[in-house]
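Position chain B against the provided structure of chain A, taking the given hints into account.
So the sequence lines, in the order shown, correspond to chains A and B. According to the numbering used here, the first sequence holds residues 1 to 114 in order. According to the numbering used here, the second sequence holds residues 1001 to 1114 in order.
It is worth saying that the hints were derived from the structure and are not from the lab. One or more hints might be untrue.
Said to hold, decoys possible - A partial selection of chain B residues facing chain A, derived with a Cβ cut-off under 7 Å:
id, residue
1, 1016
2, 1044
3, 1104
To be verified - A short list of chain B residues far from chain A (calculated; beta carbon distances all over 10 Å):
id, residue
4, 1013
5, 1019
6, 1045
7, 1110
Ideal Cβ positions, reconstructed from N, Cα and C, are used throughout, including at glycine.
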Amino acid sequence: DVKVTQSSRYLVKRTGEKVFLECVQDMDHENMFWYRQDPGLGLRLIYFSYDVKMKEKGDIPEGYSVSREKKERFSLILESASTNQTSMYLCASSTHPMGLGEQYFGPGTRLTVT
Amino acid sequence: GDSVTQMEGPVTLSEEAFLTINCTYTATGYPSLFWYVQYPGEGLQLLLKATKADDKGSNKGFEATYRKETTSFHLEKGSVQVSDSAVYFCALSFMNSGYSTLTFGKGTMLLVSP
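Excised from the complex, chain A in its bound form:
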């Protein structure tokens, strides 16, 4: 079974802190994705990566950055957390070389910024 794990299920941070969300997948997938999920808005893509050290902006990249130093790990960074970044963050991976097809999701990290 494909397994996507995220470093924390719940996280509470203060405004202005630098926040790291980690995601690891164990199936040698080329592609990895970060989404945020908010009530009434569904899932919105923040960033994705189709190879080590490669990254592409999604629909809402402002206020976020990412790092992919190893194929299995994709990190989301909030440089200076703000209250409007309180959300559920979901990581996903997929194997299709062009990004098409099924994505496998982690359990999510619920981040609260106070």
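Chain B alone, transformed into the frame defined by chain A:
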């Protein structure tokens, strides 16, 4: 751009009732279509998919048919169970500018009572 519209919830049903969750899409060309399900406290998991017109995806008693003429991919189940209570997301995947990502609808919550 590409978009997915699904019916708003919550959809409230009694056990063994028939389920339909409507999903329509807007896309240039012929996307692949997906239904994902999110059980409480978990990440998303793929429920079913269809990659071309008139394809029917099916899994766990759920079905959806890719209708190009009506740009729809409605989810159906003949007899729902309490354990089907979850949030259901319709999504499309389409190649654009050499890469592809998933575009999700806003999700429909299903509540099934005994």
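Status of the hints after comparison with the structure:
Here the hint on residue 1016 of chain B is broken, as its CB sits about 29 Å from the closest CB of chain A, past 7 Å. Because the closest C-beta pair between residue 1044 of chain B and chain A is about 4 Å apart, less than 7 Å, the hint holds. Interface restraint check for residue 1104 of chain B: the shortest CB-CB distance to chain A comes to about 4 Å, inside 7 Å, so the restraint holds. No Cβ of chain A approaches the Cβ of residue 1013 of chain B within 10 Å, the least distance being about 21 Å, so the stated non-interface status holds.
For residue 1019 of chain B, the shortest C-beta to C-beta distance to chain A comes to about 20 Å, beyond the 10 Å cut-off, and the non-interface label holds. Consistency note on residue 1045 of chain B: stated as away from chain A, yet its beta-carbon is not over 10 Å from all of that chain's, at 7 Å minimum. At roughly 15 Å from the closest C-beta of chain A, the C-beta of residue 1110 of chain B stays outside 10 Å, upholding its exclusion from the interface.
Of the numbered hints stated above, those contradicted by the structure are hints 1, 6, listed in ascending order.
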